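Peer 1: Protein chains in written order, with my numbering: chain G, 1 to 305; chain Y, 1001 to 1088.
Hints listed in this document are in silico derivations from the structure and should not be mistaken for laboratory results.
There could be a bad hint or two in this list.
[Unchecked claim] Computed Cβ-Cβ distance ranges for the label pairs, DEER-style:
1. Y:1062 / G:30: 49 to 57 Å
2. Y:1033 / G:279: 15 to 23 Å
3. Y:1031 / G:13: 36 to 44 Å
4. Y:1039 / G:156: 18 to 26 Å
5. G:166 / Y:1072: 20 to 28 Å
[To be verified] Restricting the straight-line Cα-Cα distance to at most 25 Å, the calculated cross-link-like pairs of lysine-lysine (BS3-like) are:
6. Y:1036 / Y:1048
7. Y:1043 / G:76
8. G:231 / G:159
9. Y:1076 / G:231
10. G:300 / G:76
11. Y:1043 / Y:1076
12. Y:1043 / G:300
13. G:161 / G:300
14. G:76 / G:231
All values derive from a computational prediction rather than experimental measurement.
The beta carbon of each residue, even a glycine, is placed where N, CA and C say it ideally should be.
The lines below spell out each chain.
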Amino acid sequence: MNLWRNSISHYFLLTGLYFLLVFALPANKVAMATYHLSALQYHILLFVVVLPILGIWFAAFYGFEKLKSYAQAIQKTAEGEDYKQLATGCGWLAYALPIPALVSIILNTIANSHPRFHPTAVIISNYINLIMPLIAFSLLSNSARSLTQHANVRLSMAKAKSIIVAFATLGVVYCYFIFRNFDLISISTSDNAYFLPVWLAVISIVIPYLYSWFVGLLAAYEIVLFAQASKGIIYRHSLQRLGYGIAAVIVSSITLQYLSSIIPKTGSLSLNYIVAWIYVIQIISAIGYTLIAIGAARLKRIEEV
Amino acid sequence: MAELSLYERVVRITHVYLGPAADRFIARQVQSHLHKEPEELSKDDLEKLIDWIRVAVSLLTEDCDIIEEYTAQLEKLTLPVKKESYGN
């Protein structure tokens, strides 16, 4: 087995790098002053904050690896290509956990030493947080649609309407929070938390986020629908675990994006109730990835015995 | 309509339990345990095949009722086919 093709080895590489950066990079002076910390205390506190996150990342990479392994086992079957795309989508979501965190820690450190770089750091972090899940949701949506079509499962009109109502509510509340951060007197000013002119933020952040969430929610719903409608008592039990797991991962990812985009980034460590909420959402995501791993392992066993 | 082969009837029963994986599952059992191609499956092989299927399915589920129900369905295939009676 090629070690570098195994995503678990990527996990250890990325977390090792993250640990190194947490301890090696200079402490954030604003956070040290806010919480009255020495440099050592700051690094220890950061370590304590990121430690549970590393466990959640492991669940994500483990779930992805199991799903990838199942997709490889059935690659020559009719549904093989759809599962491969489903696994790739889950992979993008798994990598979307450590990569933005790594980029963010590097950019924020540069911005701490060079304050003029701060807007650039925030803009890059915002786009990375948007793009990776957008790719993941698009792949998951394509595979979910293809799987439901092969299984002759269709979204009912009543369910479609309820998704539209839920999405419209989510979108309106999101726009309300986003536009509170903008100075709407001039749409060309970049004097806001996103460091972008209002028109550019709307086109390149607000609309892509809303699109991404709609595609993601629809994919989550179609995957659950497909799992529930599948034939075979034993097969369906395993597939439902996989389906619910993917849905939990998508919904928690959307919730995290929602929270992180309506609360502007400061570039420094913030210890408040939001951190607690982020942990709760990340734990739901870890449960989702664990369900993916269990479901995929059981489905793979059907192909092996 | 052409009559289903024995292999196809086994797959049809298995589909209720293993869904889209049924065909692959039965083909694998026949090839690896009976050392035959699926289309060569005969009634004489059924008893041995059902034993292997019972072992394999018990690795997939702990629900004994499902295993018993599934193997009972397969065992019906071992019974002689009833011929229609046309009287004396």
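Peer 1: A separate judgement is required for each hint: does it hold in the structure or not?
Peer 2: A quick look at each hint next to the structure:
no. : hint                       : verdict
1   : Y:1062 / G:30: 49 to 57 Å  : 56 Å, holds
2   : Y:1033 / G:279: 15 to 23 Å : 50 Å, violated
3   : Y:1031 / G:13: 36 to 44 Å  : 40 Å, holds
4   : Y:1039 / G:156: 18 to 26 Å : 41 Å, violated
5   : G:166 / Y:1072: 20 to 28 Å : 45 Å, violated
6   : Y:1036 / Y:1048            : 13 Å, holds
7   : Y:1043 / G:76              : 30 Å, violated
8   : G:231 / G:159              : 22 Å, holds
9   : Y:1076 / G:231             : 22 Å, holds
10  : G:300 / G:76               : 14 Å, holds
11  : Y:1043 / Y:1076            : 11 Å, holds
12  : Y:1043 / G:300             : 29 Å, violated
13  : G:161 / G:300              : 35 Å, violated
14  : G:76 / G:231               : 20 Å, holds
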